[in-house]
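> Top to bottom, those sequences are chains A and B. Whatever position you read off the first sequence (first residue = 1), add 226 for my numbering. Whatever position you read off the second sequence (first residue = 1), add 226 for my numbering.
Just so you know, not all the hints are guaranteed correct.
[Said to hold, decoys possible] With the Cβ distance kept under 7 Å, some of the chain B side facing chain A (calculated, not the full set):
id	residue
1	M618
2	S758
3	L768
4	K773
Hints are computed from structural coordinates only; laboratory data are not their basis. Each residue gets a CB set at the ideal place from its N, CA and C atoms; glycine is no exception.
2 protein chains.
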Amino acid sequence: MSFTLGVDYGTNSVRALVVDCATGEELGVSVFNYPSGHQGVLLDKNNHHLARQHPGDHLVGLEKSVRAALADAAKKNGFSPDKVIGIGVDTTGSSPIPVDAKNVPLGCHPEWAKNLNAQCWLWKDHTSHNEAAEITRLAAKHRPQYIAKCGNTYSSEWFWSKIWHCLKTDPAAFDAAYSWVELADFIPSVLSGINDPKKVVRGVCCAGHKALYCDEWNGLPDKEFLSLLDPKLAALRDRLYDKAHDATVAAGSLCPEWAKKLGLPVGIPIAIGEMDVHYGAIGSGIKEGVLVKAMGTSTCDCAVVQAGKKVADIPGICGIVKGAILPGFYGIEAGQSAVGDIFKWFIEVVCLGDGKLYVQLEQEAKSQRPGQNGLLALDWNNGNRTILVDPMLSGLLVGQTLYSTRAEIYRALIEATAYGARAIIERIKEYGVPIDVVVCCGGIAEKSAMTMQIYADITGCAMRVSGSSQACALGSAVSAAVLAGKAKGGYDSFPEAQAKMTSLKDIVYEPKPENQKVYDDLYALYRLLHDSFGGVKNNADLSGVMKELIRIKEVQSKAL
Amino acid sequence: MSFTLGVDYGTNSVRALVVDCATGEELGVSVFNYPSGHQGVLLDKNNHHLARQHPGDHLVGLEKSVRAALADAAKKNGFSPDKVIGIGVDTTGSSPIPVDAKNVPLGCHPEWAKNLNAQCWLWKDHTSHNEAAEITRLAAKHRPQYIAKCGNTYSSEWFWSKIWHCLKTDPAAFDAAYSWVELADFIPSVLSGINDPKKVVRGVCCAGHKALYCDEWNGLPDKEFLSLLDPKLAALRDRLYDKAHDATVAAGSLCPEWAKKLGLPVGIPIAIGEMDVHYGAIGSGIKEGVLVKAMGTSTCDCAVVQAGKKVADIPGICGIVKGAILPGFYGIEAGQSAVGDIFKWFIEVVCLGDGKLYVQLEQEAKSQRPGQNGLLALDWNNGNRTILVDPMLSGLLVGQTLYSTRAEIYRALIEATAYGARAIIERIKEYGVPIDVVVCCGGIAEKSAMTMQIYADITGCAMRVSGSSQACALGSAVSAAVLAGKAKGGYDSFPEAQAKMTSLKDIVYEPKPENQKVYDDLYALYRLLHDSFGGVKNNADLSGVMKELIRIKEVQSKAL
Numbered sequence: 227m228s229f230t231l232g233v234d235y236g237t238n239s240v241r242a243l244v245v246d247c248a249t250g251e252e253l254g255v256s257v258f259n260y261p262s263g264h265q266g267v268l269l270d271k272n273n274h275h276l277a278r279q280h281p282g283d284h285l286v287g288l289e290k291s292v293r294a295a296l297a298d299a300a301k302k303n304g305f306s307p308d309k310v311i312g313i314g315v316d317t318t319g320s321s322p323i324p325v326d327a328k329n330v331p332l333g334c335h336p337e338w339a340k341n342l343n344a345q346c347w348l349w350k351d352h353t354s355h356n357e358a359a360e361i362t363r364l365a366a367k368h369r370p371q372y373i374a375k376c377g378n379t380y381s382s383e384w385f386w387s388k389i390w391h392c393l394k395t396d397p398a399a400f401d402a403a404y405s406w407v408e409l410a411d412f413i414p415s416v417l418s419g420i421n422d423p424k425k426v427v428r429g430v431c432c433a434g435h436k437a438l439y440c441d442e443w444n445g446l447p448d449k450e451f452l453s454l455l456d457p458k459l460a461a462l463r464d465r466l467y468d469k470a471h472d473a474t475v476a477a478g479s480l481c482p483e484w485a486k487k488l489g490l491p492v493g494i495p496i497a498i499g500e501m502d503v504h505y506g507a508i509g510s511g512i513k514e515g516v517l518v519k520a521m522g523t524s525t526c527d528c529a530v531v532q533a534g535k536k537v538a539d540i541p542g543i544c545g546i547v548k549g550a551i552l553p554g555f556y557g558i559e560a561g562q563s564a565v566g567d568i569f570k571w572f573i574e575v576v577c578l579g580d581g582k583l584y585v586q587l588e589q590e591a592k593s594q595r596p597g598q599n600g601l602l603a604l605d606w607n608n609g610n611r612t613i614l615v616d617p618m619l620s621g622l623l624v625g626q627t628l629y630s631t632r633a634e635i636y637r638a639l640i641e642a643t644a645y646g647a648r649a650i651i652e653r654i655k656e657y658g659v660p661i662d663v664v665v666c667c668g669g670i671a672e673k674s675a676m677t678m679q680i681y682a683d684i685t686g687c688a689m690r691v692s693g694s695s696q697a698c699a700l701g702s703a704v705s706a707a708v709l710a711g712k713a714k715g716g717y718d719s720f721p722e723a724q725a726k727m728t729s730l731k732d733i734v735y736e737p738k739p740e741n742q743k744v745y746d747d748l749y750a751l752y753r754l755l756h757d758s759f760g761g762v763k764n765n766a767d768l769s770g771v772m773k774e775l776i777r778i779k780e781v782q783s784k785a786l
Numbered sequence: 227m228s229f230t231l232g233v234d235y236g237t238n239s240v241r242a243l244v245v246d247c248a249t250g251e252e253l254g255v256s257v258f259n260y261p262s263g264h265q266g267v268l269l270d271k272n273n274h275h276l277a278r279q280h281p282g283d284h285l286v287g288l289e290k291s292v293r294a295a296l297a298d299a300a301k302k303n304g305f306s307p308d309k310v311i312g313i314g315v316d317t318t319g320s321s322p323i324p325v326d327a328k329n330v331p332l333g334c335h336p337e338w339a340k341n342l343n344a345q346c347w348l349w350k351d352h353t354s355h356n357e358a359a360e361i362t363r364l365a366a367k368h369r370p371q372y373i374a375k376c377g378n379t380y381s382s383e384w385f386w387s388k389i390w391h392c393l394k395t396d397p398a399a400f401d402a403a404y405s406w407v408e409l410a411d412f413i414p415s416v417l418s419g420i421n422d423p424k425k426v427v428r429g430v431c432c433a434g435h436k437a438l439y440c441d442e443w444n445g446l447p448d449k450e451f452l453s454l455l456d457p458k459l460a461a462l463r464d465r466l467y468d469k470a471h472d473a474t475v476a477a478g479s480l481c482p483e484w485a486k487k488l489g490l491p492v493g494i495p496i497a498i499g500e501m502d503v504h505y506g507a508i509g510s511g512i513k514e515g516v517l518v519k520a521m522g523t524s525t526c527d528c529a530v531v532q533a534g535k536k537v538a539d540i541p542g543i544c545g546i547v548k549g550a551i552l553p554g555f556y557g558i559e560a561g562q563s564a565v566g567d568i569f570k571w572f573i574e575v576v577c578l579g580d581g582k583l584y585v586q587l588e589q590e591a592k593s594q595r596p597g598q599n600g601l602l603a604l605d606w607n608n609g610n611r612t613i614l615v616d617p618m619l620s621g622l623l624v625g626q627t628l629y630s631t632r633a634e635i636y637r638a639l640i641e642a643t644a645y646g647a648r649a650i651i652e653r654i655k656e657y658g659v660p661i662d663v664v665v666c667c668g669g670i671a672e673k674s675a676m677t678m679q680i681y682a683d684i685t686g687c688a689m690r691v692s693g694s695s696q697a698c699a700l701g702s703a704v705s706a707a708v709l710a711g712k713a714k715g716g717y718d719s720f721p722e723a724q725a726k727m728t729s730l731k732d733i734v735y736e737p738k739p740e741n742q743k744v745y746d747d748l749y750a751l752y753r754l755l756h757d758s759f760g761g762v763k764n765n766a767d768l769s770g771v772m773k774e775l776i777r778i779k780e781v782q783s784k785a786l
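Assemble the whole structure, with the sequences as input and the hints as a guide.
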């Protein structure tokens, strides 16, 4: 028997998973909640764009979660730590960390511990929206090819925007950093005992999607372009990396120090780091024709297309990067900046509710027919990632009367995220990428049958659910099994490993034609608001929106 | 010593007030909550437009509230019921009641008791929006003068829309009714023992503002026009009234039956019924140059202009009616369909809070600077009465992030109602009606200093507060004192009576220039949404709204 470990760094916690390579059975699991900030996120009450994480939380969490997962697995017959043949790591991204010349995060130095700019700049940090807009402008003028593959818009959530913002607003922190490492590359480098940022093995997943890396133009953006931003960024390029890799390349092998900390064999291979959703796509059985939606605080959509084929640049998506998900395939990423986070905001911040309230409101909301709430929302409380790529957009709710209930608003927010999902699917298909099946992973997909049915009815796609409730960690474990290879008890290819180690749940949510019809009308209203407030159309007639919501509401109320 | 009684019928309760004619001192008061429906309002869960009241509640409430107010006054030195020289009544409106040939409400007959259409059609009932639109269309074509004085739009809240809707949707109820009487006319007719609807003395306040009554065209709309709606409405005209009166005419005198029920002298005069806000305006000292805002569940704005002057028709306001408020003056009415009701919805329905939460959220919200919440709302949860006159509009909230708090949303809703108030003031002034001072009455004006300051900052007007917390009932009592006359211990004119019986609180809320500047920017955004969703402008560019809210928020957050 052989086992691999998948370690998944989320927004609020890190999770470790022990997987049986032969069957995909999940033998042990443990979750560690980051102790710092608000549920692990460092905030600034005067700047709601800011979201950081303490790198010390990541290191403590690595040891604690892996140790506990191994202890959990040890209760099962046949498992022992010496049968672990590899470790895979996935994280949120772009979540770059400023590090010193020894690959130690700035935030782990006592003198920088309190400085928010010295911490890990979490994916959802939007402080650098001005820098993102300026990079978009400069690239459009001087290097259009750089942004053609990421929807023609560089995001404030990404690598260069964040680093440039640090340089502009806190030059002391920027100067104190020798280099910057994505969390997805940093954790494998720690496990491998790499103490020089130049030697950290970088994954093409973060590099290609977030840092404008592409083999076509010899890696990262050239120094001439970076000088247009700031000469210091051009100088930084020399302290970053020349080459980024897909999952065929190892990030390293387990160093003695961390082997001891974790109680695992020295020298086992460490898979290349990928972003959570990319490994989650692998853990959900991604292949050509399958769209994987990872539904959590935010949502990411992944698709793949064989590398030989021609793929058009798709406006508004987050990127098309060769090898970002599966080696030998283009990885296509899109997403919504907030999904679960919007529900959480409504339940916890507005309603001051807890877990029970989710259950109660879902119970009430599921008896409502489409359109019966009379409400329409935009899913932009954290900006719009795809297809508008604009972090400066915000939420909107329209149609409320004096009688609109919590459950009606809750359902409207769920519907809003489904309309956002439909906009993404339509955009990807429009550019010729096949989507035959949608597989969802993440807590929402498992917990809320109502949400899945609403997604099916609104997108018109049958929705399936990943067999694992920890698809990201499972995908990391799959990558580790492929890296270890058949000879060590793993696999020689991803399709073989996925066939044995991943699965789908039996349930299929099929679109209901009578609901689709109503939601098509509501989606037209959603697009009207989307295009008006999003700046796609500047002369829309909105005078019918409220009346049309009332008309649909009345029809659907009488339909009961 | 002499005293008058004011009886004020609100949406959820009726209030009786005993007033000293010499000083305006309020000696006794009592509130009776209507027992039927939800807080006194009969609702239909399948039709949120519907709002009715049980006439039995009005009659029980009359006896109970007056009896209790007299008992309360009896504790004071000098008072005895035989010194009461008159009664004034104000009510919500348009709130027409179907009555039989003996002036008994249909809803008081056992066989009609459960039929919602046989009850009092409460002011905020919007079921007849189609009929209102059709009356507007027909009047514009055949009798433009009819609607020129009510903003060129007939409302679903008004007399003919409601009666026509009853005829169309429940002909049996329509046929069972001999006539229809406004609640403001009905209560005085009950007190006067009038048992023939044709003999009920009708006030010009409801007649002129709600039923298209005008001396210029010989009273109610002519039968030819009503036949265009339905021949049965033309026939009904003969069973309504020929003449409506201002407050110089008595509605009647107290009949022996009700004198006994209430313990008051037989034969004392009963003042003409006016709508609550109109008598509230009198109780708040209305005169030319003063705008009185009655702030409650909804808001009504009243102004007066001397009858000799030329007053232009003002688009979008509720009406210009000679004698509707003060005899000898044009009364101008405007209003917002929901104000306190919006706060109540948010606090009680969304937040599931109670009285304490109002206090808590105001405490939190008052420390926020203008624009700091980053939010903007439209105050249309119950439609828009002035200046768009469209019940089919609904609420909107924009700018919410994942961190927007209850207190921020609460403040945004208050601000929304203040923007709506500004739109009304600007419209009235634009047509040459002077507004030098704004006097507010009602619970909100007294309880929430924050709301008053926001109104001052947003409207740019100094806000004053009525000296009485029961301005409507006080105004009714003033009217009764004038009707009784100086010889009986009252007054011979309204100015004299107002000077002695009404007052203002000392506090003045002055606009703060630094707040006005920010709110001017936000009001421009409000008007953009107002005009787009309200159909005033059909080609607005909304792409900057969310970004401008963020810009203002960031400026105001740093200003701290």
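> Would you mind marking each hint as holding or not holding in the structure?
Here is how each hint holds up against the structure:
| no. | hint | verdict |
| --- | --- | --- |
| 1 | M618 | 5 Å, holds |
| 2 | S758 | 5 Å, holds |
| 3 | L768 | 5 Å, holds |
| 4 | K773 | 5 Å, holds |
Hint compliance for this structure: every hint is met.
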